[in-house]
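Student: Sequence:
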Amino acid sequence: MVELNEREKKIVLIKFIMHNDGPFSKLPMNVRETMLQTTCKLLGYEYDKDAMLDLGQAVLDVQKAVNSSGEQFMKANSATIQDALKHLKFGKDKKLS
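Position 42 of the sequence shown, counting from 1, maps to 41 under numbering that gives the first Met the number 0, and the rest follow consecutively.
Just so you know, the hints here were simulated from the structure itself, not pulled from any lab data.
List of simulated lysine-lysine pairs, DSSO-like, C-alpha gap at most 30 Å:
1. Lys-63 - Lys-8
2. Lys-40 - Lys-25
3. Lys-40 - Lys-8
4. Lys-74 - Lys-85
5. Lys-63 - Lys-14
6. Lys-48 - Lys-8
7. Lys-74 - Lys-14
8. Lys-25 - Lys-8
9. Lys-63 - Lys-48
10. Lys-63 - Lys-85
11. Lys-63 - Lys-25
12. Lys-74 - Lys-63
13. Lys-48 - Lys-25
14. Lys-63 - Lys-88
15. Lys-14 - Lys-48
16. Lys-74 - Lys-88
17. Lys-25 - Lys-14
18. Lys-40 - Lys-14
Quick caveat, the model's predicted, so the values are computed rather than measured.
Please take these sequences and the hints and turn them into a complete structure.
Tutor: Set out below in structure tokens:
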């Protein structure tokens, strides 16, 4: 099994606590930041707010690029997507717009 390094684990924490649409998404940003800071401290990781903000922004930039690439692929390959959806039994009679 692959071991994540500290930086990679911080990315996971940022995604889970700060950027996730899950259980913490409704909490105020300052509460989530405190949770992130506390979690890092409990795990023995250094918490540098500026470094974490930079890392979080880098995560969002990659996510945006992946979403954009996926959207472009879907637009360019709508027939393939429609065929795949039919095989998965989704949208048998629906067309992608």
